[in-house]
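What follows is each chain in one-letter form.
Number of protein chains: 2
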Amino acid sequence: MTQFPSKTKALSEIKEYFQQKIRQVDQWLEQLLPTTEQTPATIHEAMRYSTFAGGKRLRPILTIATGEIFGAPEQELLPVACSLEMIHTYSLIHDDLPAMDNDDLRRGMPTCHIKFGEALAILAGDALLTQAFLTLADYSTANAERKVRVLSEIAHAAATTKALIGGQVLDIQFEGKPITGPMLEEIHRAKTGALIRCAVRVGAIIGGASDDDLAALTEYGEKAGLAFQVADDLLDEIATSEELGKTAGKDAASHKATYTALYGLAGARQMADRLCEEAMAAAQRTGKETQLLEAIARFIVERRS
Amino acid sequence: MTQFPSKTKALSEIKEYFQQKIRQVDQWLEQLLPTTEQTPATIHEAMRYSTFAGGKRLRPILTIATGEIFGAPEQELLPVACSLEMIHTYSLIHDDLPAMDNDDLRRGMPTCHIKFGEALAILAGDALLTQAFLTLADYSTANAERKVRVLSEIAHAAATTKALIGGQVLDIQFEGKPITGPMLEEIHRAKTGALIRCAVRVGAIIGGASDDDLAALTEYGEKAGLAFQVADDLLDEIATSEELGKTAGKDAASHKATYTALYGLAGARQMADRLCEEAMAAAQRTGKETQLLEAIARFIVERRS
Chain H
4 MTQFPSKTKA LSEIKEYFQQ KIRQVDQWLE QLLPTTEQTP ATIHEAMRYS TFAGGKRLRP
64 ILTIATGEIF GAPEQELLPV ACSLEMIHTY SLIHDDLPAM DNDDLRRGMP TCHIKFGEAL
124 AILAGDALLT QAFLTLADYS TANAERKVRV LSEIAHAAAT TKALIGGQVL DIQFEGKPIT
184 GPMLEEIHRA KTGALIRCAV RVGAIIGGAS DDDLAALTEY GEKAGLAFQV ADDLLDEIAT
244 SEELGKTAGK DAASHKATYT ALYGLAGARQ MADRLCEEAM AAAQRTGKET QLLEAIARFI
304 VERRS
Chain L
4 MTQFPSKTKA LSEIKEYFQQ KIRQVDQWLE QLLPTTEQTP ATIHEAMRYS TFAGGKRLRP
64 ILTIATGEIF GAPEQELLPV ACSLEMIHTY SLIHDDLPAM DNDDLRRGMP TCHIKFGEAL
124 AILAGDALLT QAFLTLADYS TANAERKVRV LSEIAHAAAT TKALIGGQVL DIQFEGKPIT
184 GPMLEEIHRA KTGALIRCAV RVGAIIGGAS DDDLAALTEY GEKAGLAFQV ADDLLDEIAT
244 SEELGKTAGK DAASHKATYT ALYGLAGARQ MADRLCEEAM AAAQRTGKET QLLEAIARFI
304 VERRS
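In order, the protein sequences belong to chains H and L. Quick note: to get the working numbering, add 3 to the position in the first sequence (first position is 1). Quick note: to get the working numbering, add 3 to the position in the second sequence (first position is 1).
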């Protein structure tokens, strides 16, 4: 690390920014989710359990950091950012189900279905997805035109075609089967990439970015999204379960297609670094104050969990 | 039947209207759902399998029939009506899952998870819910303000508090337990009532109904929704599995709380008829041409499947 002092500094700065934004996002999520005083209490407990299980809040932070570049107001960014976290959390709850990845551990805690049973976990996922759209309709302070545009962006990113659900379908279908690099990229562009790309785009849209800036930031989001997945595969290989908060080495054990399986540790590390550089270059094309976005890209590939 | 010639006539008329509207709704759903040419094909097959499994299309028809009273344009009503059918279908797919009601048969066909496996059934439900909001954002021809209002109404009806998901949670929690009449009503107001009420309300909102008319039609929707559930319980007791297209007598066998268990066959029949009358009276309060809505209320309690 000593030969990259500037990188190290940026990493500590970005961590401080993350901490602050995580607190803010959590405060909003606290307000936006139904309380456990409301009937039926159990479903709201399950929704909150998984939402407040210590996520990195990467998607909300990307929306906020992108919006702030263009001076977008917090009141408009936060509900949209939180709706993305609700969708991300729903996707994790459903992915962890016995019929899917069958994971018992997530972020160091029992998964939703282990804690609340399968029926309630399915419904908690459904409820978080629904609450995301409810939040977009009711709590964003955008004008109606922008609300609809943002909502459309998010719905497309969460749907089946080159999007969240479609990525999970492909991931399941290719489990244990031989896979090519382009196919692996297609899966991850959909499964993790679409929502990360969308998080950046809606931030830019709320900020009123020009078409050129939106295109540059979309590329930033796409590269950052892929970098995130490559880094995830690297972490799965090299980190311990304790560091990850989930079962390490599980992908290899279940014959999941990963970047490390396909390109080796060194190849995947190179790929992550290259994608990070490309993301930063794309952000810089806007000519705006994108240091924070660049630092986030670096955080994505250098994180330890 | 011979002593109610007017009722019989209305029933045949309403069936013809239903047939026509079902065709129209199906044509729109055909366009609004992703095709099986799009990747990943299997998820789109599963979404379409359950959507085109021969549903009554009650919710879309209620939206269309209510909107038409106020002269709302078809182009605006149909996508909204279809989004309600997508949400209804998603809820059936998830309710049928092994972790929930564990049903093998729906509308006379194998349920989604029997046909496509559990993982794909969960994802097909997720995808239909997402596609519903995507449809509301992209395909409704309403102005943006009305789009957001309709979307908010639908999100609330599909959520957890006095709404679709909450009703399913309560239904599961009370299975096999002693239940009171008011509690049973709370479950069904949420589980089936909220979406039926919403279907009527969004039709009225798209039609630009006055506050008084909206209130009257909301009451119509609430009564019709409860009548639907009472009639469902009656059918579960008296119809054959072949007529129902699902396993008859299953509710009693699984110790589900039903209106027939609580009030007996005659009591439940009286209740359905009373709710139907109250629904018709509420619709008439608008002073508009509500014969069709009244006939639908009657169809709801007189249907044989």
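Since the hints were made in silico from the structure, they are not lab data. Just to be clear, a hint being listed does not mean it is correct.
Sample of chain H residues facing chain L (criterion: CB under 10 Å; computed from the structure) [as the list claims (entries may be wrong)]: (1) E16; (2) H97; (3) P101; (4) H159; (5) G169; (6) L173; (7) G179; (8) I182; (9) L217; (10) A218.
Derived BS3-like pairs: lysine-lysine, alpha-carbon spacing no greater than 27 Å straight-line [what the hints assert, rightly or not]: (11) L/K24 - L/K291; (12) L/K18 - L/K59; (13) L/K180 - L/K165; (14) L/K180 - L/K59; (15) H/K118 - L/K180; (16) H/K165 - H/K259; (17) L/K291 - H/K259; (18) H/K291 - H/K18; (19) L/K118 - L/K165; (20) L/K165 - L/K18; (21) L/K59 - H/K118; (22) H/K180 - L/K118; (23) H/K59 - H/K180; (24) L/K180 - L/K291; (25) H/K118 - H/K165; (26) L/K291 - H/K165; (27) H/K259 - H/K180; (28) H/K118 - L/K259.
Glycine residues also receive a C-beta, built at the ideal position from the N, C-alpha and C atoms.
Here's how the hints hold up against the structure:
no.	hint	in the structure
1	E16	violated (36 Å)
2	H97	holds (6 Å)
3	P101	holds (8 Å)
4	H159	holds (6 Å)
5	G169	holds (5 Å)
6	L173	holds (5 Å)
7	G179	violated (14 Å)
8	I182	violated (14 Å)
9	L217	violated (18 Å)
10	A218	violated (21 Å)
11	L/K24 - L/K291	holds (21 Å)
12	L/K18 - L/K59	holds (10 Å)
13	L/K180 - L/K165	holds (20 Å)
14	L/K180 - L/K59	violated (31 Å)
15	H/K118 - L/K180	holds (22 Å)
16	H/K165 - H/K259	holds (20 Å)
17	L/K291 - H/K259	violated (61 Å)
18	H/K291 - H/K18	holds (21 Å)
19	L/K118 - L/K165	violated (32 Å)
20	L/K165 - L/K18	violated (31 Å)
21	L/K59 - H/K118	violated (37 Å)
22	H/K180 - L/K118	holds (22 Å)
23	H/K59 - H/K180	violated (31 Å)
24	L/K180 - L/K291	violated (44 Å)
25	H/K118 - H/K165	violated (32 Å)
26	L/K291 - H/K165	violated (47 Å)
27	H/K259 - H/K180	holds (8 Å)
28	H/K118 - L/K259	holds (25 Å)
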